[in-house]
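Colleague: Using the sequences and the accompanying hints, generate a full structural model.
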Amino acid sequence: MPTASTVTRRRFLQQSGVATAVAAAPLILPSGLRGAGAPSRKITVGIVGAGNISDSHFGPLLGDPENVRILAVCDVDRERRDDAAARVNRTYGNQDCKAYGDFRELNRRSDIDTVFVCTPDHWHALVAIDAMRNGKDVYVEKPLTLTIQEGRALVATARKYHRVAQHGTQHRSMKRFHDVAEFVRNQGLGRLDRIECFIPPNNRHVGATWKPEPVPAGLDWDMWLGPAPWRPYTSLGCHYNFRFISDSAYGQVTNWGAHYLDIGQWALDMDASGPVEVEGRGEFPSSGLFTNATKVDFTVRYANGVPMFCRTRFEGGGTVRFVGERGWLDIARNRMSASHNDLLREMQAPGKKIQLPLSNNHHENFFACVRSRQRPIADVELGHRTTTVCNLGQIAMVLGRKLRWDPAKEEFVGDAMANRLRGRAMRSPWALI
Amino acid sequence: MCAAASSPPAANPDRKSNAGATPDPWEACARLEYGGDRSPAWSVREELLATPPEGWPAAETRLLKSLARADATAAGRAFLCQMLALVGSAQSVPALAALLKDVDAVESARYALEAIPGAEASAALREGIAAVSGSAKAGMIGSIAIRGDTSARYLLAGIKGNPSEPAIVREAAGRALEHLATAKA
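Chains as they are written, first to last, in the numbering used here: chain L, 59 to 491; chain S, -5 to 179.
Take the hints with a grain of salt, since some may be wrong.
[As the list claims (entries may be wrong)] Estimated spans, in silico, between C-beta atoms of each pair: (1) Glu165/S / Trp288/L: 16 to 24 Å; (2) Lys467/L / Ala44/S: 24 to 32 Å; (3) Gly248/L / Thr45/S: 40 to 48 Å; (4) Ala44/S / Gln406/L: 47 to 55 Å; (5) Arg191/L / Glu48/S: 28 to 36 Å.
No lab work stands behind these hints, which were simulated from the structure alone. Glycine is no exception: its CB is placed at the ideal position from the N, C-alpha and C atoms.
Modeller: Put into structure tokens, the structure is as follows:
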């Protein structure tokens, strides 16, 4: 397949919808609702959540006015949503992009084809499910959901309503990660011994004391909390830092772990399954606002015996390393190294028996599939499976004991407490239905 | 790396190293304040997480005793109900059902009841619907549906068709019925 740089934008959309996704997945029924499949039609976008994660989407989407049009943004923080809408309108030179404080209003607009879910993690499932019920295709930032229960519900909704659902693990659309996964899948390292994932540290303000603060003007705190248990507002626990509070997220386990564990899942051909065992030894703060592990250390083991661990690395950033009998490959977003150069040369050689689907751009892959109605490179099912690995690690660290996992039934074997931790009740009026 | 399958789980010496000392964390955790010291809750939670199932009834009794304290705070009740969601049984249902009628405690009580297995918890949620309205009622309907309580279909159909109910409640009932239609009986 040619690289994105060798084809025109329109040709890419025409080709990649077939070449990228056909190898991976069956056809989704056409929506037939708004003619999104028509090549000449711009795909319309609504973005829910206008914080730092959405920044990585605004640039590419606004930079593709020929194919994409952002019609609406939503955030419970008035300043953020107004700033985002103004940015869009400035770029387009009009006032067409509307700002909403409630995602349900955005999701009910009949002229929006796709919704990008960029909220805090505890909102991902509800926003995406509501969007799909209203006929939207969704791009859901990582982690796909906060809990295992939410993830299965999100997958079921995507299938029920025949929606395209892309998980925001964009490493799947980076050639370096693709090549490594494909090389490992083809036994390029010989027998695989283990996979090592390292993630950045959590909770830089460990032990932070906090006091309730007045809710800032323009912030709808009740809506920010949404399904999460109620707590009073504090600036320490709202934007960005929410990820260090387990009511909302599982810290770097789901923030960066979702990326690197995902490549392990891909290389192991576990996109529709998962590990069978997990063991964790996290260190958790016993006081202060933040509740997620200050030091992450868990290991999952697959049915073929291969273990994959995930650990905090306090210096050096995230990476995933594949270790086999022929050596190792270490890969991060911006670098790659190997135990010896022969492995890197072999990895680039053509003609591998097993060829993984190739996408060079996560956004383009998503929009191509919106047009073709095929499943994207990071389809919601594999997103759920990767997010489940993150959840298994979190639960094992919380419980501090070895757990057995049945990936077919998606339940722990012989541990009732662990099974209760697969989901949680949502605060009224929200529910996973 | 995982330990060998036959070896027992290794103790983690770091887990309790910075836990604050309290005279009786089981009592103190009922009086938690948002933004205050949560070390009593940490101690109770750690003990609970390590409790094998045969020890759950005794742990549940201690949680319920704390929950019944007159000086229990909102944060304390929320924490105790989150713990009951992990180990609670039919033993907890009467106390939690009573809290469903308390506007300040209904969310915490429902959090626990949704997770507690058994017909008693399902019945408490169905019966609790009469005591709530609006947002809380929509949430309770959601819990009933998530539990797959198909015996609530008639109740939910009545709510869905009741024009005096607000839209948020009728819509929740509609979604619940749809959910239950595909739930395992």
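Colleague: State for each hint whether it applies.
Modeller: Structure-based check of all given hints:
Checked against the hint of 16 to 24 Å, the pair Glu165/S and Trp288/L passes, with Cβ atoms roughly 22 Å apart. Between Lys467/L and Ala44/S, the C-beta spacing of about 26 Å keeps the proposed range 24 to 32 Å intact. Roughly 45 Å separates the CB atoms of Gly248/L and Thr45/S, a value that falls within the hinted 40 to 48 Å. Distance hint for Ala44/S and Gln406/L: a CB-CB separation of about 50 Å, consistent with the stated range 47 to 55 Å.
A beta carbon spacing of about 44 Å between Arg191/L and Glu48/S contradicts the range 28 to 36 Å that was offered as a hint.
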